[in-house]
Amino acid sequence: MRDLIVLGGSSHPALTKMICKNLTIEQGQVLSKKFSNGETSIEVKGSVREKDVFIIQSGCGNVNDNFIELLIMIAACKTASARRVTAVLPLFPYSRQPDIPHMASVTGAPSISTKKDQYTYESRPGTPKPLSSFNGPRDPSLTRPDSSGLITPLLRGRDLKDPFREITPRDSLVPVGTPVDARGKTESGYKQWIAQNGTLIANLLTTAGADRMITMDLHDPQFQGFFNIPVDNLYLKPLLKHYLIDYVPNYQECVIVSPDSGGAKRATSLADALGCSFALIHKERRIKTTEGVKAIGPLGVTSGLSAVNHHPSPGTHTTVSMLVGDVKDRTCVLIDDLVDTSYTITRAAKLLKDQGAKYVYALVTHGVFSGDAINRVSKSAIDKVITTNSVPQNDNLAGLGDKLEVLDVSRVFAESIRRIHNGESVSMLFDHGW
Amino acid sequence: MPSSQNSIKLISGNSHPKLAEQVSKKLGIELAKVGAFQYTNKETAVAVGESVRDEDVYILQTGCGETSINDFLMELLITINTCKIASARRITAVIPNFPYARQDKKDKSRAPITAKLIANLLQTAGCNHVITMDLHASQIQGFFRVPVDNLYAEPSVLRYIKENYSLNDLIIVSPDAGGAKRVASIADKFDVNFALIHKERQKANEVSRMVLVGDVADKVCLLIDDMADTCGTLCKAADVLLDNGAKKVVAIITHGIFSSNAIEKLNNSKLDKIVCTNSMPLEDKLARCPRLETIDISATLAEAIRRLHNGESVSYLFNNAPE
Chain A
1 MRDLIVLGGS
11 SHPALTKMIC
21 KNLTIEQGQV
31 LSKKFSNGET
41 SIEVKGSVRE
51 KDVFIIQSGC
61 GNVNDNFIEL
71 LIMIAACKTA
81 SARRVTAVLP
91 LFPYSRQPDI
101 PHMASVTGAP
111 SISTKKDQYT
121 YESRPGTPKP
131 LSSFNGPRDP
141 SLTRPDSSGL
151 ITPLLRGRDL
161 KDPFREITPR
171 DSLVPVGTPV
181 DARGKTESGY
191 KQWIAQNGTL
201 IANLLTTAGA
211 DRMITMDLHD
221 PQFQGFFNIP
231 VDNLYLKPLL
241 KHYLIDYVPN
251 YQECVIVSPD
261 SGGAKRATSL
271 ADALGCSFAL
281 IHKERRIKTT
291 EGVKAIGPLG
301 VTSGLSAVNH
311 HPSPGTHTTV
321 SMLVGDVKDR
331 TCVLIDDLVD
341 TSYTITRAAK
351 LLKDQGAKYV
361 YALVTHGVFS
371 GDAINRVSKS
381 AIDKVITTNS
391 VPQNDNLAGL
401 GDKLEVLDVS
411 RVFAESIRRI
421 HNGESVSMLF
431 DHGW
Chain B
1 MPSSQNSIKL
11 ISGNSHPKLA
21 EQVSKKLGIE
31 LAKVGAFQYT
41 NKETAVAVGE
51 SVRDEDVYIL
61 QTGCGETSIN
71 DFLMELLITI
81 NTCKIASARR
91 ITAVIPNFPY
101 ARQDKKDKSR
111 APITAKLIAN
121 LLQTAGCNHV
131 ITMDLHASQI
141 QGFFRVPVDN
151 LYAEPSVLRY
161 IKENYSLNDL
171 IIVSPDAGGA
181 KRVASIADKF
191 DVNFALIHKE
201 RQKANEVSRM
211 VLVGDVADKV
221 CLLIDDMADT
231 CGTLCKAADV
241 LLDNGAKKVV
251 AIITHGIFSS
261 NAIEKLNNSK
271 LDKIVCTNSM
281 PLEDKLARCP
291 RLETIDISAT
301 LAEAIRRLHN
311 GESVSYLFNN
321 APE
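The listed protein sequences correspond, in order, to chains A and B. Using our numbering, read the first sequence as starting at 1 and increasing by one per residue. Using our numbering, read the second sequence as starting at 1 and increasing by one per residue.
Treat each hint with caution, since some may be false.
[Claimed, not checked] Pairs of lysine-lysine, DSS-like flavour, derived with a Cα cap of 25 Å:
hint : chain 1 : residue 1 : chain 2 : residue 2
1    : A       : K384      : A       : K283
2    : A       : K33       : B       : K265
3    : A       : K51       : B       : K108
For the record, the hints were derived by calculation from the structure and aren't laboratory data.
From just these sequences and the hints, can you work out the full model?
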């Protein structure tokens with residue numbers, strides 16, 4: 001195609017290659033390296049003057065490194081007189097930030113250091129309590145219980161005992177504030193909060209010079225509104241539909257389940273398209289509940305309840321999961337846009353199996369599987385995970401084996417790039433897939 | 001201007017918490033309860049533990065870390081944006097070592113001007129003012145649409161020289177032609193001679209041939225530069241100076257980046273001493289290199305913050321180093 005240049009970032013070279021193959025063009029050459037001080041250096045090899053440039057970079061791996069690399073690449077193409085620069089982000093970074101952080105090693109929640117075989121889907125605590133782990137910066141007893149139950153000293157910035165150890169920002173957690181109570185409030189009564197960065201990321205891309213954006217299954221559809229440039233949000237739904245029809249026996253009989261109330265729309269739209277029934281898992285976080293499980297949730301609708309008290313000691317903080325709908329002896333298809341720590345999805349699968357589900361599929365667009373998610377999923381009640389290559393899946397495939405199936409999205413992206421380049425409508429991709 | 005008096009909120013990034021602590025001590029304030037952390041998927045998030053509404057916010061983050069310089073940069077951008085969302089009256093980024101400062105020109109075809117990009121990103125995030133120190137090229141100030149206070153380490157360096165060296169046999173040397181101005185200014189203040197090393201560079205971070213301009217025989221040479229990264233230049237310059245009869249060679253640097261195997265190079269070099277400011281975290285490097293010494297610049301930063309907050313002139317700091 002004339003004047004079309006596709007460049008790839010270092011986050012997912014395999015996907016870039018496949019997209020170029022589907023477009024039957026040569027991939028544009030970019031020299032991306034790091035200076036010895038860690039700064040990213042970009043050099044676009046071929047001319048991009050007056051060209052239509054697409055840069056493919058997924059929000060995976062070292063998210064910040066990859067994002068800055070993308071920004072620099074966009075700026076480099078812009079200063080090199082590219083006519084139009086489109087950022088293709090199969091997984092949009094920072095599109096979903098949990099408001100309650102999954103603090104490593106505080107509650108036994110997603111910690112990379114946790115021993116692998118400790119995880120079962122049975123009863124590992126799911127949602128960590130909000131920020132109550134932060135200690136005062138100058139508190140001499142800076143300790144935090146890690147997931148193995150040991151107390152390890154938390155040093156600010158760097159580990160002074162072992163200064164040669166490679167320092168990752170994960171270690172250099174600045175303790176924030178004084179300890180907070182179960183409601184996340186400090187002594188002064190100020191409620192700690194976590195900033196959402198969606199708008200910032202959108203603005204940074206525009207500042208760098210992106211003229212257009214392509215992404216897939218944004219966590220919030222509202223995210224599109226953060227941009228002042230056109231955003232093409234592709235959907236995986238057509239591909240998932242094809243998968244279910246082709247590979248799930250008696251697919252009309254299965255139940256499409258949303259693991260949280262936020263994903264209800266996504267699940268119902270797939271259920272409608274297939275003519276399946278639908279169920280919903282509702283998660284409620286409650287501070288101070290009575291012991292055990294007592295009539296929580298709307299009477300009559302609640303067909304399943306499971307309550308886990310995650311924090312036995314300070315401030316009883318309970319998460320209650322409710323299943324709305326009937327799954328007994330049925331095949332269940334859990335659907336979500338993103339699996340990160342995999343807490344939601346494994347907990348949902350357990351609840352489904354507890355309620356008598358026969359077989360549980362998990363359909364997720366973006367399989368990030370951070371921390372020890374792979375381990376947890378492999379031990380979970382999920383029988384099969386279907387995800388896409390929007391982020392590299394090689395390591396996950398190695399960890400999960402047959403349990404994981406990867407759909408190829410390079411054709412969808414290639415077709416959308418072709419259509420955008422030729423000025424054709426993209427909406428056809430929303431319904432039919434490619 | 002709202003009539004109510006607001007106060008300084010100093011936020012420490014994860015890049016150099018020790019410097020932030022020193023600055024907060026000099027200012028006599030507590031660090032604000034705002035901090036960044038990473039999720040397991042390596043996205044950065046900022047938790048806010050106290051109100052910054054209508055306050056004068058200063059965020060200290062230096063450009064450092066061979067594996068995490070981009071993480072720290074994103075952290076800074078997110079923290080700035082968070083403070084903006086939290087209705088801070090003014091947000092000042094305090095960046096002692098400005099990241100990507102050397103990528104400030106289009107030196108070959110299709111190379112990005114990353115320093116300009118960083119300037120744009122900072123302003124997009126919501127930065128109203130920037131404090132930095134010894135910018136590699138002071139023209140970077142022009143990349144910003146907001147005020148940039150480029151502080152100098154020079155007054156602190158002058159005091160260090162005065163306290164540690166006799167002026168009789170001193171000569172100030174610039175390891176490259178670009179630093180001639182900086183060196184001449186220091187030499188003028190002490191009324192001593194200066195020399196210059198001209199280097200022919202073929203590739204970035206690699207030095208090929210060096211030519212000394214000036215007489216250094218029987219002198220104590222002070223090599224002065226704004227940053228030392230891989231230290232190839234410094235070590236070679238020391239060799240050249242000693243070959244030309246210098247008594248001893250001391251390097252004084254503002255930003256000690258010391259990436260990759262710089263510390264090993266310094267340990268094997270003929271440099272008598274390497275002195276740099278604490279604009280970068282150096283704890284582990286100090287332990288590995290006994291010849292490394294630091295000059296504390298936290299007082300300069302603290303005084304700049306105080307003056308900025310009170311609307312006083314900052315130019316006093318260009319010639320004076322507060323204790």
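Results for each hint:
1. A:K384 - A:K283: Holds - the C-alpha atoms of K283 (chain A) and K384 (chain A) are around 23 Å apart, at most 25 Å.
2. A:K33 - B:K265: holds (23 Å)
3. A:K51 - B:K108: Between K51 (chain A) and K108 (chain B) the Cα gap is close to 19 Å, so the pair holds against 25 Å.
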